[in-house]
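Trainee: Residue numbers (the working numbering), protein chains in the order written: chain A, 1 to 199; chain B, 1 to 199.
Treat the hints with caution; some may be incorrect.
Because identical chains cannot be distinguished in the list, a pair is counted as satisfied if it fits within a single copy or across any two copies.
Stated by the list, open to error - With a straight-line Cα cutoff of 30 angstroms, these simulated BS3-like cross-link-like pairs (lysine-lysine) come out:
id	residue 1	residue 2
1	Lys51	Lys13
2	Lys33	Lys13
3	Lys13	Lys156
4	Lys13	Lys120
5	Lys120	Lys60
6	Lys13	Lys60
7	Lys120	Lys51
Think of the hints as simulated: they come from the structure by calculation, not from any bench.
Computed from a prediction, not measured in an experiment: that's the story for all the values here.
Protein chains: 2
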Amino acid sequence: MDFSSIDNGRSGKGLLFVISSVSGGGKTTVIGKVMEMMNDLRVSVSHTTRKPRPGETDGKDYHFISREGFDRMIESGLFLEWAPVYGQKYGTSRSAVDAITGIGFDALLDIDVQGAMQVKEAREDAILIFLAPPGEEEQERRLRSRGTETEHDVDKRLEAAMRELAFMEEYHYSVLNDDLNDAVHTVSSIIRAERCRNP
Amino acid sequence: MDFSSIDNGRSGKGLLFVISSVSGGGKTTVIGKVMEMMNDLRVSVSHTTRKPRPGETDGKDYHFISREGFDRMIESGLFLEWAPVYGQKYGTSRSAVDAITGIGFDALLDIDVQGAMQVKEAREDAILIFLAPPGEEEQERRLRSRGTETEHDVDKRLEAAMRELAFMEEYHYSVLNDDLNDAVHTVSSIIRAERCRNP
């Protein structure tokens, strides 16, 4: 009997995980901590039409690409998912995911609800995790505490969050982000569990 | 929005978990450690026709019952699963499970492969976990190290183990028990993940 295909915690399967949340849901912090804890997991690098910000590296933070280049990639069907966000386009190329899963690592996509639904359609093996915000009040507090947005922007984001929440049941898992450690522990548990799930 | 139904780590759903292994697979040790770590999880108390051993308490270690009583329970369809083992009968009553899940705890059944297949048939919501032994040699060493069995018994158990292993793919999860902490971590991760899985 050969049990080398059973991996507790380690992978080797090249699974595809998607994590989404709503604005102010605390997704970026949770993903950062999960990445510190887990082996064999890589965040897929997205393509974007927006300009690099100071300190951002092409190919690491994003694949920065022209609008024309992005549109050509759409036409050629090279994206697993893409979406327009505030006048720019963001997308996950199939090859960015394949570069991770092809060498036996698991890929993690940090994308919004509309992107996640596209991935679900294209890849029925994808495992979708929704990070639920701790409640409307806390979420509003988080958005305001950024201090970078106007009252109108905060209202717009809260509205968008309510629309996004309606998709939660389309995800395989819902993780409540009311406590950072707890949420990180749960997300890494899901990844660990899925790695030893039988086909 | 009400997120009270999302529980990271805690339950409230009354899930049904089944853990099986093969002889010498180290299941009892793993389950003991998992029980220390997890909240809201209870091992279901089985019925048996065998006599109590010194130190065993009726209703805690087993529900001890006469052969006639056991057979009447079978006829009345009160068992979720049952099996003859070495001339005695062992079974899990539906009410033993309901007593746990009815108050929102998760039930854990520590049963063999034939019992697990009965549960899978009766309860399609059951979550089946197979603890795979670390390999034939290590398993044989474990069986012999008990020192309580004859060469013939060890051979018989190894044969049975090979038959049981063929059922592994019928389980939802396969956990390799080559390292105790690793196996305990993985089983508790599966429980934690299943608790926030969407229906």
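Trainee: Up to 30 angstroms between alpha-carbons, please classify Lys13 paired with Lys120: within, between, both or neither.
Mentor: Answer is both: 18 angstroms inside a copy and 26 angstroms across each meet the 30 angstroms cutoff.
Trainee: Can you tell me if Lys13 and Lys156 fall within 30 angstroms by alpha carbon in one copy, between copies, both or neither?
Mentor: Neither: 40 angstroms inside a chain and 35 angstroms across chains, both beyond 30 angstroms.
Trainee: With 30 angstroms as the alpha-carbon cut-off, assign the pair Lys51 and Lys13 to within, between, both or neither.
Mentor: neither (35 angstroms within a copy, 47 angstroms between copies)
Trainee: Is it within, between, both or neither when you check Lys120 against Lys60 at 30 angstroms Cα-Cα?
Mentor: within (25 angstroms within a copy, 46 angstroms between copies)
Trainee: At most 30 angstroms between alpha carbons: which applies to Lys120 and Lys51, within, between, both or neither?
Mentor: within (29 angstroms within a copy, 54 angstroms between copies)
Trainee: Are the CA atoms of Lys13 and Lys60 at most 30 angstroms apart within a copy, between copies, both, or neither?
Mentor: Within one copy only: 23 angstroms inside, 42 angstroms across.
Trainee: Indicate which option fits the pair Lys33, Lys13 if close means a Cα-Cα distance not exceeding 30 angstroms: within, between, both or neither.
Mentor: both (22 angstroms within a copy, 28 angstroms between copies)
Comparing the model with each earlier hint shows violations of hints 1, 3; every other hint is respected.
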